[in-house]
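**Student:** Residue numbers (the working numbering), protein chains in the order written: chain A, 1 to 94; chain B, 1 to 94; chain C, 1 to 94; chain D, 1 to 94; chain E, 1 to 94; chain F, 1 to 94; chain G, 1 to 94; chain H, 1 to 94; chain I, 1 to 94; chain J, 1 to 94.
Keep in mind that the hints are not guaranteed to be accurate.
[What the hints assert, rightly or not] Cross-link-like lysine to aspartate or glutamate pairs, in silico, DMTMM-like; alpha carbons within 25 Å at most:
| # | chain 1 | residue 1 | chain 2 | residue 2 |
| --- | --- | --- | --- | --- |
| 1 | F | K39 | E | D57 |
| 2 | B | K17 | C | E66 |
| 3 | I | K24 | B | D10 |
| 4 | F | K39 | F | E27 |
[What the hints assert, rightly or not] Sample of chain D residues facing chain E (criterion: CB under 10 Å; computed from the structure):
| # | residue |
| --- | --- |
| 5 | L2 |
| 6 | Y3 |
| 7 | L23 |
| 8 | D26 |
| 9 | S60 |
| 10 | N61 |
| 11 | D62 |
| 12 | L64 |
| 13 | H65 |
| 14 | E66 |
| 15 | T82 |
| 16 | P83 |
| 17 | L84 |
| 18 | A85 |
| 19 | Q86 |
Treat the hints as calculated values from the structure; they're not laboratory data.
Backbone N, C-alpha and C fix where the C-beta goes; we use that ideal spot for every residue, glycine too.
10 protein chains.
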Amino acid sequence: MLYMVHMLVDIPATLPKGEADRLKADEKAYAQRLQREGKWRHLWRIAGQYANYSVFDVASNDDLHETLTALPLYPYMTISVTPLAQHPSAIAAN
Amino acid sequence: MLYMVHMLVDIPATLPKGEADRLKADEKAYAQRLQREGKWRHLWRIAGQYANYSVFDVASNDDLHETLTALPLYPYMTISVTPLAQHPSAIAAN
Amino acid sequence: MLYMVHMLVDIPATLPKGEADRLKADEKAYAQRLQREGKWRHLWRIAGQYANYSVFDVASNDDLHETLTALPLYPYMTISVTPLAQHPSAIAAN
Amino acid sequence: MLYMVHMLVDIPATLPKGEADRLKADEKAYAQRLQREGKWRHLWRIAGQYANYSVFDVASNDDLHETLTALPLYPYMTISVTPLAQHPSAIAAN
Amino acid sequence: MLYMVHMLVDIPATLPKGEADRLKADEKAYAQRLQREGKWRHLWRIAGQYANYSVFDVASNDDLHETLTALPLYPYMTISVTPLAQHPSAIAAN
Amino acid sequence: MLYMVHMLVDIPATLPKGEADRLKADEKAYAQRLQREGKWRHLWRIAGQYANYSVFDVASNDDLHETLTALPLYPYMTISVTPLAQHPSAIAAN
Amino acid sequence: MLYMVHMLVDIPATLPKGEADRLKADEKAYAQRLQREGKWRHLWRIAGQYANYSVFDVASNDDLHETLTALPLYPYMTISVTPLAQHPSAIAAN
Amino acid sequence: MLYMVHMLVDIPATLPKGEADRLKADEKAYAQRLQREGKWRHLWRIAGQYANYSVFDVASNDDLHETLTALPLYPYMTISVTPLAQHPSAIAAN
Amino acid sequence: MLYMVHMLVDIPATLPKGEADRLKADEKAYAQRLQREGKWRHLWRIAGQYANYSVFDVASNDDLHETLTALPLYPYMTISVTPLAQHPSAIAAN
Amino acid sequence: MLYMVHMLVDIPATLPKGEADRLKADEKAYAQRLQREGKWRHLWRIAGQYANYSVFDVASNDDLHETLTALPLYPYMTISVTPLAQHPSAIAAN
Numbered sequence: 001m002l003y004m005v006h007m008l009v010d011i012p013a014t015l016p017k018g019e020a021d022r023l024k025a026d027e028k029a030y031a032q033r034l035q036r037e038g039k040w041r042h043l044w045r046i047a048g049q050y051a052n053y054s055v056f057d058v059a060s061n062d063d064l065h066e067t068l069t070a071l072p073l074y075p076y077m078t079i080s081v082t083p084l085a086q087h088p089s090a091i092a093a094n
Numbered sequence: 001m002l003y004m005v006h007m008l009v010d011i012p013a014t015l016p017k018g019e020a021d022r023l024k025a026d027e028k029a030y031a032q033r034l035q036r037e038g039k040w041r042h043l044w045r046i047a048g049q050y051a052n053y054s055v056f057d058v059a060s061n062d063d064l065h066e067t068l069t070a071l072p073l074y075p076y077m078t079i080s081v082t083p084l085a086q087h088p089s090a091i092a093a094n
Numbered sequence: 001m002l003y004m005v006h007m008l009v010d011i012p013a014t015l016p017k018g019e020a021d022r023l024k025a026d027e028k029a030y031a032q033r034l035q036r037e038g039k040w041r042h043l044w045r046i047a048g049q050y051a052n053y054s055v056f057d058v059a060s061n062d063d064l065h066e067t068l069t070a071l072p073l074y075p076y077m078t079i080s081v082t083p084l085a086q087h088p089s090a091i092a093a094n
Numbered sequence: 001m002l003y004m005v006h007m008l009v010d011i012p013a014t015l016p017k018g019e020a021d022r023l024k025a026d027e028k029a030y031a032q033r034l035q036r037e038g039k040w041r042h043l044w045r046i047a048g049q050y051a052n053y054s055v056f057d058v059a060s061n062d063d064l065h066e067t068l069t070a071l072p073l074y075p076y077m078t079i080s081v082t083p084l085a086q087h088p089s090a091i092a093a094n
Numbered sequence: 001m002l003y004m005v006h007m008l009v010d011i012p013a014t015l016p017k018g019e020a021d022r023l024k025a026d027e028k029a030y031a032q033r034l035q036r037e038g039k040w041r042h043l044w045r046i047a048g049q050y051a052n053y054s055v056f057d058v059a060s061n062d063d064l065h066e067t068l069t070a071l072p073l074y075p076y077m078t079i080s081v082t083p084l085a086q087h088p089s090a091i092a093a094n
Numbered sequence: 001m002l003y004m005v006h007m008l009v010d011i012p013a014t015l016p017k018g019e020a021d022r023l024k025a026d027e028k029a030y031a032q033r034l035q036r037e038g039k040w041r042h043l044w045r046i047a048g049q050y051a052n053y054s055v056f057d058v059a060s061n062d063d064l065h066e067t068l069t070a071l072p073l074y075p076y077m078t079i080s081v082t083p084l085a086q087h088p089s090a091i092a093a094n
Numbered sequence: 001m002l003y004m005v006h007m008l009v010d011i012p013a014t015l016p017k018g019e020a021d022r023l024k025a026d027e028k029a030y031a032q033r034l035q036r037e038g039k040w041r042h043l044w045r046i047a048g049q050y051a052n053y054s055v056f057d058v059a060s061n062d063d064l065h066e067t068l069t070a071l072p073l074y075p076y077m078t079i080s081v082t083p084l085a086q087h088p089s090a091i092a093a094n
Numbered sequence: 001m002l003y004m005v006h007m008l009v010d011i012p013a014t015l016p017k018g019e020a021d022r023l024k025a026d027e028k029a030y031a032q033r034l035q036r037e038g039k040w041r042h043l044w045r046i047a048g049q050y051a052n053y054s055v056f057d058v059a060s061n062d063d064l065h066e067t068l069t070a071l072p073l074y075p076y077m078t079i080s081v082t083p084l085a086q087h088p089s090a091i092a093a094n
Numbered sequence: 001m002l003y004m005v006h007m008l009v010d011i012p013a014t015l016p017k018g019e020a021d022r023l024k025a026d027e028k029a030y031a032q033r034l035q036r037e038g039k040w041r042h043l044w045r046i047a048g049q050y051a052n053y054s055v056f057d058v059a060s061n062d063d064l065h066e067t068l069t070a071l072p073l074y075p076y077m078t079i080s081v082t083p084l085a086q087h088p089s090a091i092a093a094n
Numbered sequence: 001m002l003y004m005v006h007m008l009v010d011i012p013a014t015l016p017k018g019e020a021d022r023l024k025a026d027e028k029a030y031a032q033r034l035q036r037e038g039k040w041r042h043l044w045r046i047a048g049q050y051a052n053y054s055v056f057d058v059a060s061n062d063d064l065h066e067t068l069t070a071l072p073l074y075p076y077m078t079i080s081v082t083p084l085a086q087h088p089s090a091i092a093a094n
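Here chain A stands alone, though its shape is the one from the complex:
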């Protein structure tokens, strides 16, 4: 089941650089693992912003929530979620 997720990241300047770097590395590893597992189906950078549009393929709303709140940068993100359904004109199944 697919969800469009918009993430806006805002890491405060008060976070020590070392900790920020570690969080970003963890975030990258987590994101790549979930992409390889098929859960994080698409990940695009929004041009000019520290933000992304992502498509998640998860089993349920609960699964989505757990996946998102486990993001290492979650405490610094503003997230909005849009549930996606099959479009009647799409040639591929969701």
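Since chain A is already given, all that's left is putting chains B, C, D, E, F, G, H, I and J on it; use the hints.
**Tutor:** Here is chains B, C, D, E, F, G, H, I and J on its own, set in the frame of chain A:
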């Protein structure tokens, strides 16, 4: 080159049903042709709305504009466009 | 799986009263059938508005979309959907 | 009498972790006690956000205000309240 | 129990003048009866707008909803409702 | 002359508790004095928020401004003002 | 007593041209009479819009409301009002 | 050439009082000098807010920008600018 | 003197096609004449919308207003204007 | 390929002046180099604000993103991007 496109459709009640049906059929044919050609890479319905999120893969801003304004339902759509860039954590190229 | 759904109804004055009445009766019958089936778990009127907050319990985003677009008054509604997850402090399962 | 309540939580990074943990534990205990008493009728997590939709069943606006301001995390919440009325198509009484 | 109610009136130009005049007269009579009964405690015009701020003193959310939807001009109003509680610094009871 | 005033209070966590308590006590005393004098005609708490709707009865815009900026909590408030006029359906004079 | 007033005019295409022209002429005459009387102290066109910023010098909120609702184009305007006070750095009295 | 300028001032609590006082005194002197020179034609306080509406009479957009950025409190202001044109119903030239 | 102008066009479906076509042709001729004269310095289509960003080089706010209101499609446009100043890092004069 | 870019700069007061000055100098050098190279085609200050409208001429969305994120002041900017297409009435090619 990828763009996230949000389309909200609002067909006025004054449009004769026959014309509306014809436009919708044309829209579907056009959408499926562009999907097969790879230009309209993704098409998802937003649950509960006459709206969609789409990802277009086009050569340029001009190509995108021509593609969108050629939509049979374009006169009845409110469209917003977000240019997408490669995300450093994405495991696939855009 | 639960979704919070906000529906705002705006029936145009140009719709003949007979047709509006028929649609409202159909809407009521449909709403009550779905409530009895357990799909439309809660339905509350927003005080002072022709609007409601509803909670739907459906199998998927697709199921939700089909259920909402089948509403007899759907063409006259503005709908927004919020996916709900289990709250860790809730004493009941969703 | 029912109210839809939307709570968005934003605990500042400057709050010591120990104090934050204590407040969260108090919040959970308070929320569960009110649910058992029937005052906090529903509590749902909004997927992807540190936010919830809740339905309160209280005696009055004053009762609601006292209940909400007594939340241990109240100082860190942005709250909005929507009064709910009986929907004519609802099969259950509020 | 008190509620702040904001009403914005927008009577379409297509409504025949005779019917609009009759509705306005009914609205005035209804408003004055409810003020005399104590239910519509305050009624103020917003300077420069066809809008008002009102305070209603009703028994419940349901009572408020029934009172507002019975307004003769209700179909032409956009209404928002804010539940009011006793302010700790107020010298009068609500 | 009446004005609807909406006040939203946001006392920063960095303000020492002693100073905050003193300001709140001063605010209460000031509010009650003005209510007794008839200048602050109504004061209602917005349910669930550290905010109020108030009606002021002052001689002029200048009088209103001086009255509001003299509020002990003024530096921590976001205030919006709506001038009120006599409503033709009101049974009482403003 | 001064008020900043923002007026946005939207004359519907369905209004017969003759009637629109008559209303505009009436509006102009009314505006110029009030300017000569000193009530409509300033009148500026917002560049690129059918809108204006105006400053009114009236006796009260009621006076302002009556003045504005008597505008011949009032039914086609969206008006917002901001009460002005003496600025401590102004070298002229309001 | 005239411009309507809206200035909202927000001096952070962390600015030492002495420095804030000096900036305010400088701001007042600067504002009064520009008023005497005719460049800052009007200056009104918005009732209930640390904000003003001002009308500037300057030679160009560049002149306006230099004038505004030279405000001693400029770093603490949110400014919006609306270019004004001669209104056809105004009895005075801009 | 430069201004950034955003124009959003919304031609109602009720306008006869012949009249709409004539207006569009007039608009094009007018736009091209002003570009050749140097007044309409830039004109860009916003991808996916019946809208444009334009830069005008005019003598004054009045000149801009007259230029914009003379647009054949002006009655069907929503226009917003941003005055531009010389940027200190720009290598070219405005 | 052209993009309209809006940049709003907000340098926190906590950034040491020396570092802010260095960043601003770097920003200026970077901006001027890109202008000379033709990538940053236009750069205009928004009158009264620490903001600009810019037009970039880049090869792709990725090129734009890299160019913008390399801005020395990027961490202190809020950026929005609008893709531009050739306007049919423009006399010059984009």
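**Student:** Against each hint, give a clear statement of whether it holds in the structure.
**Tutor:** Status of each hint after checking the structure:
| no. | hint | result |
| --- | --- | --- |
| 1 | K39(F) to D57(E) | holds (22 Å) |
| 2 | K17(B) to E66(C) | holds (22 Å) |
| 3 | K24(I) to D10(B) | holds (24 Å) |
| 4 | K39(F) to E27(F) | holds (15 Å) |
| 5 | L2 | holds (7 Å) |
| 6 | Y3 | holds (7 Å) |
| 7 | L23 | violated (23 Å) |
| 8 | D26 | violated (23 Å) |
| 9 | S60 | holds (5 Å) |
| 10 | N61 | holds (4 Å) |
| 11 | D62 | holds (5 Å) |
| 12 | L64 | holds (7 Å) |
| 13 | H65 | holds (4 Å) |
| 14 | E66 | holds (8 Å) |
| 15 | T82 | holds (8 Å) |
| 16 | P83 | holds (4 Å) |
| 17 | L84 | holds (6 Å) |
| 18 | A85 | holds (4 Å) |
| 19 | Q86 | holds (5 Å) |
The structure fails to meet hints 7 and 8 from the earlier list, while all remaining hints are met.
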